[in-house]
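**Student:** Work the whole structure out from these sequences, hints included.
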Amino acid sequence: NAGVMQNPRHLVRRRGQEARLRCSPMKGHSHVYWYRQLPEEGLKFMVYLQKENIIDESGMPKERFSAEFPKEGPSILRIQQVVRGDSAAYFCASSPLVGAGGYTFGSGTRLTVV
Amino acid sequence: AQTVTQSQPEMSVQEAETVTLSCTYDTSESDYYLFWYKQPPSRQMILVIRQEAYKQQNATENRFSVNFQKAAKSFSLKISDSQLGDAAMYFCAYRSEDQAGTALIFGKGTTLSVSS
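These protein sequence lines are chains A and B, in that order.
Just so we're aligned: the first sequence equals residues 577 to 690 in the working numbering.
Just so we're aligned: the second sequence equals residues 1252 to 1367 in the working numbering.
Just so you know, these hints were derived from the structure itself, not from any lab.
Just the calculated beta-carbon pair ranges, DEER-fashion:
1. A:Glu617 x B:Ala1267: 30 to 38 Å
2. B:Ala1267 x A:Ala578: 32 to 40 Å
3. A:Arg654 x B:Asp1277: 31 to 39 Å
4. A:Gly604 x B:Pro1291: 20 to 28 Å
5. A:Ile652 x B:Ser1366: 39 to 47 Å
6. A:Glu628 x B:Glu1280: 24 to 32 Å
7. B:Gln1253 x A:Asn629: 18 to 26 Å
8. A:Glu648 x B:Ser1258: 44 to 52 Å
9. A:Arg686 x B:Met1262: 24 to 32 Å
10. B:Ser1281 x A:Gly592: 43 to 51 Å
11. B:Arg1314 x A:Val690: 39 to 47 Å
12. B:Met1262 x A:Gly592: 40 to 48 Å
13. B:Asn1309 x A:Arg585: 32 to 40 Å
Result set (DMTMM-like, lysine to aspartate or glutamate): computed pairs, CA atoms no more than 20 Å apart in a straight line:
14. A:Lys603 x A:Glu628
15. A:Lys620 x A:Glu633
16. B:Lys1359 x A:Asp662
17. A:Lys620 x B:Asp1277
18. A:Lys620 x B:Glu1348
19. B:Lys1324 x B:Glu1348
20. B:Lys1359 x A:Glu617
21. B:Lys1359 x A:Glu616
Every residue gets a Cβ at the ideal spot worked out from N, C-alpha and C, and that includes glycine.
**Tutor:** See the structure below:
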């Protein structure tokens, strides 16, 4: 039973390019969350999605960032026109439909903007 | 809004000794969940222990236990018989019980070093 799969593990982009981060939740999990971790900081919530629906995007920057979780395929976090300040580790977590368990996290994608 | 505070940026312990990591939180809710996550250098976030606020009994998982003081809004993690593999960053996290899918709120973390 594979865990939460994130790819790529490392991503380097030049300023102005687009970054696409992928997350496949654990089998049986229908809730996906994206978090961002800046250096020496804890994880900050960005967005919560269910299949084909964005449930809570209160942590997403208003511009350049978007997320989707299509009916088929992984969840995608997309950052357009990246800037140096976007450099961070981006984590995806998933949870089952109901339950009080802690979420299962992926290993994260380290985005470096040069 | 809920907040989670970890007041110890760094802690150190010797092998086989016991260490306690502090966490306080602020909430007006009565039902919620609290978690401790471990993040080793590999960056993987690993769930260490979980506590439901409605349970008075403190959660334990092998060498890991918590001291949950609901009135004081305190949730400390005790690691007994520390091992070199315990060296990592530890994050305290809060989750509301309102909805099944509510996001976690994290503290800034405590870096734990273990010496032999």
